[in-house]
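A.B. asks: These are the residues of each chain, in order.
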Amino acid sequence: MNAIFPTGFTAPTALYLSLFAVTLVVHAVFMHYVLAGSTYLAFGRLMGPRRCAVCGWQSILVDWLPFATGLAITAGVAPLLFVQILHGREFSTANLLLSHRWMAILPVLIVCFYLLYLQKSSWLARRRWVWRTVVASLACSGFIFIAWSWTENHLLMLDRDAWAPLYESGALRYASPGVLPRLALWFFSAFPTLAIELVWQGRLLGLDVTRPPAAAEVVLGLSPVRRLALAALSGAAGMTAAGGLYGQTLTAVDREALFGPLGGPWLTVAITGLVVQSGAWVAAAFCNRMPHGLGVVTTVGWLATLCGLVAARESIRLVHVDIATLAERHATAASISGFPVFLTCAALTVIAIVWCVVAVRAGLAR
Amino acid sequence: MVSDGLSVACDSMTPLEHYPVVDLGPIMKGLAIGGLGIVHVFLAQFAIGGGLLLCSLQWLHMRGGCPLARRFIDGYFKVLVLVSFVLGAVTGVAMWFTSIQVSPRTIGVMVLEFHWVWATEWTFFCLEVVSGYLFYRYGPRLPDATRLRLLGLYAFASWMSLFWINGILSWQLTPGGWLESRDVWTGFFNPGFLPSLLFRTISAAAIAALAACVLINAVPGFSREDRVSLVAVCARPLVFMLAMPFLGAWYLGVMPADSRGWATGGNVPMTLFLSMAVGSSTLIGLYAIVAILRQRLFVNGATASLLLALAFVATAGGEFVREGVRKPFTVRQYLYSNSIARDGVAVLRARGSTTDDPYPVRDAASYANEQLVLGARVFRAQCSVCHTLEGVNAVVELAGGWTIEQRRINIAQLQRTKPFMPPFAGTPEELEALVQLIGWIAAGRPTSWDLSHDGHVLDEIRRRMDEAGTGPGNPAATLAVHRRDGLQDAGVRPGGPP
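As they're listed, the protein sequences go chains E and V.
In terms of numbering that gives the first Met the number 0, the first sequence opens at residue 0 and continues consecutively.
In terms of numbering that gives the first Met the number 0, the second sequence opens at residue 0 and continues consecutively.
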């Protein structure tokens, strides 16, 4: 563990670690949009009917959250697959220990998914504001419950000593001092993601923050870009605070992984990215617009933060597993053929998806 | 210690992996995974068939064969997204999680052996979701040619998703040459692959056609004439059901002989479920071909819903049989239903199935003695995946009425007692503990219960276990493996050593 993640392991282990990390980042891109988007929407609804009616971001979110949820679920399948190759025993054990409480995320996800569609419906739009607020709040609460369950599941995977006592007790909740700060860290990290994604999405959908805002777009004295800056900077501040608290709960071994050669460089990347994107958001708030170049800088900073966080997260996990057993299992997995077929199909799928988007744009232009 | 002498490809596997076993109380775990699986398969087949149907409708529309198709496609697709993209997708993930709850080792083996196949399937799933959502969102505003291409891509991606998953699912029952070669493609293109793929494709087309008949009646704005003409077009895929008996027979033909035996009279529930599937499919096929396609009768919403419900029954029956006929294996000749490796039975008979189990029994104090606690551990390790203690398919219901001697003999020779049961994979002490546990529960859980450590009893249990061997109990299953391994059929006793 004296080399930067994911190097320093056998080639098969490095391959599966890389695939897991990359697909987890892709999943987080959509999952953050859903988590922060549903929270933004619920918060916006609580601001009152008039204000939410004029907020362009809320309109976009209402319209796109169901699709983003579909993408988040789809993108989530790949890391779910690779985590079972990497840490199948631990993953299954944590699932089994949390049992019905863990499985509850599935009906909750279905309900939340339908609530997002309900928010889009003209039927709900005709209902009183209070009902729209209730629906938005329920969806948001459901997604937070799912995030909490994943956090608990992840930490339980790492805590082998807790497995047998937890099973014997029959408890369906894993109480660990790390759960809340870690949940808060990931929850707040979703807001910078949402903010930058809305910048680019807004440009495609007519809410362009590269130009100065119109008076009608101002809500609570904040222009669209300032509302995003507020969300992103609040998220960054929350991340910093939660990250600090979470750091307090880590063991000496965890810290060694996080600050040592394995995770240290990635933590630096994450922190640097956070500083860069925070600075860019401050600049955008001052300018009251997000010029294209600043948008690119923010995006790079955000991506660095996300990648750094994922790699740092995995570095901590790696000190909790038996690397020799892991390497043996990964060597077996890598000896099974099919990788070229996967790569070819993945490449063809990317081409086909790009073609779909281009064809639809061309079709709409006609 | 006598092994059955059969060598299969799992000899390097750990005999048994210990996980914290979930207790669903009176609910049998098979009911949970089975119920969810049936719903998921039905929804997935609806999505796959829907893609094929809508693509063909769009093509017909562009050639002037169905002027109403465009409007109908857009309505159908909304339902497809709301039902299949939400419930279908989440139940897919739920299948994975529920499989872990029921049998983590089985799903672990499936993931490990076929992880690149799963990953490949995922790429098509991504394409299906993106092309589907784009069509849902922008389809009504797109020109016909773009719509056809988008629908074509959606249909292709969803069918490819079936293609990949089908290979893994059919491998569980008919792994074929994979047992020797361990080659992923030999396992994937197993003997059951093609008949299963074709059968499922036709099922998907039929489900989608019946769902279309329901929707044609449900979507407002169509006149009676419009509906008649749409039903006539949408019901056409039902004609492919004519091939179902042949494909079904083909699938039965490639099944292992003992599995075929369960479905065709050897096991009453399985035969009943197969009859249910065949009967429902026959009714649908007859009605579709005679009434809808030949006599051009109008199908109203109620009739269409009834036919769709019958299709659900057929799916449920078919899936139950597909899952059930694998017994006593979960992966044929490789992993028993209770996740014990086939070649691990002999090891566990020497070492014990609970020796390495790190998880204590809950409420251990409520048992009358330590032997009963051991019995509970044995039950958890070997029986709980298919049985409950006192609920559905309860061991106490099945064996509580037997005399103690019967229990000892029948469990020691479990694969002979019921050929779809795996052999007992533990020490005589563990078997006796299980026997005592069943007796104790059947007696109403008295507060005191005598320990049973009679050496003669344990010797007799050992002798009975050795006599039955460590292989599966069905003669056909045993003989098939012997033939494959080049051993003489003569002298092979069911479940016993050659």
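Hints listed in this document are in silico derivations from the structure and should not be mistaken for laboratory results.
Please read all numbers here as calculations on a predicted model, not as lab measurements.
Think of the CB as a built atom: it goes at the ideal place given N, C-alpha and C, for glycine as much as any other residue.
Among these hints, one or two may not hold up.
Selected chain E positions facing chain V (in silico; Cβ < 8 Å) [to be verified]:
1) Val76
2) Ser98
3) Ile109
4) Asn287
Reference excerpt, derived from the structure (chain E facing chain V, CB under 10 Å, subset only) [what the hints assert, rightly or not]:
5) Phe42
6) Met46
7) Pro48
8) Gly69
9) Ile84
10) Asn94
11) Leu96
12) Ile104
13) Tyr116
14) Trp147
15) Tyr166
16) Trp199
17) Gly201
18) Ile335
19) Pro339
Some residues of chain E that are not near chain V, with every Cβ distance over 10 Å (derived) [said to hold, decoys possible]:
20) Ser17
21) Val28
22) Ser58
23) Ala77
24) Leu79
25) Leu105
26) Asp207
27) Pro212
28) Ala215
29) Gly237
30) Leu244
31) Pro264
32) Thr271
33) Cys306
34) Ala361
A.B. asks: Does the interface hint hold: is Phe42 of chain E within less than 10 Å of chain V, judged Cβ to Cβ?
C.D. replies: violated (25 Å)
A.B. asks: Taking 10 Å as the limit, does the beta-carbon of Pro339 of chain E come near enough to a beta-carbon in chain V?
C.D. replies: holds (9 Å)
A.B. asks: Go through the hint on Gly201 of chain E and say holds or violated, using the shortest Cβ distance to chain V against 10 Å.
C.D. replies: With Cβ-Cβ at 17 Å, over 10 Å, it is violated.
A.B. asks: Holds or violated: is there a CB of chain V closer than 8 Å to the CB of Asn287 of chain E?
C.D. replies: violated (32 Å)
A.B. asks: When the nearest CB of chain V is found for Met46 of chain E, is that gap smaller than 10 Å?
C.D. replies: violated (28 Å)
A.B. asks: Could you let me know if the closest chain V CB is still more than 10 Å away from the CB of Cys306 of chain E?
C.D. replies: Label holds. Min Cβ-Cβ 21 Å, cutoff 10 Å.
A.B. asks: Would you assess whether Val28 of chain E, listed as outside the interface, keeps its beta-carbon beyond 10 Å of every beta-carbon in chain V?
C.D. replies: Val28 of chain E clear of chain V: closest Cβ-Cβ about 13 Å, beyond 10 Å.
A.B. asks: Was Leu105 of chain E rightly flagged as not at the interface, with every chain V Cβ beyond 10 Å?
C.D. replies: violated (5 Å)
A.B. asks: Take the shortest C-beta to C-beta distance between Gly69 of chain E and chain V; is it under 10 Å?
C.D. replies: holds (6 Å)
A.B. asks: Please check whether the beta-carbon of Pro212 of chain E is more than 10 Å away from every beta-carbon in chain V.
C.D. replies: Pro212 of chain E is indeed farther than 10 Å from all Cβ atoms of chain V, at 27 Å.
A.B. asks: Less than 10 Å between beta-carbons is the criterion; does Trp199 of chain E satisfy it with respect to chain V?
C.D. replies: violated (17 Å)
A.B. asks: Let's test the interface hint: is any C-beta of chain V closer than 10 Å to that of Ile104 of chain E?
C.D. replies: holds (8 Å)
When the structure is compared with the earlier hints, violations turn up for hints 4, 5, 6, 7, 14, 16, 17, 23, 24, 25, 34 and for no others.
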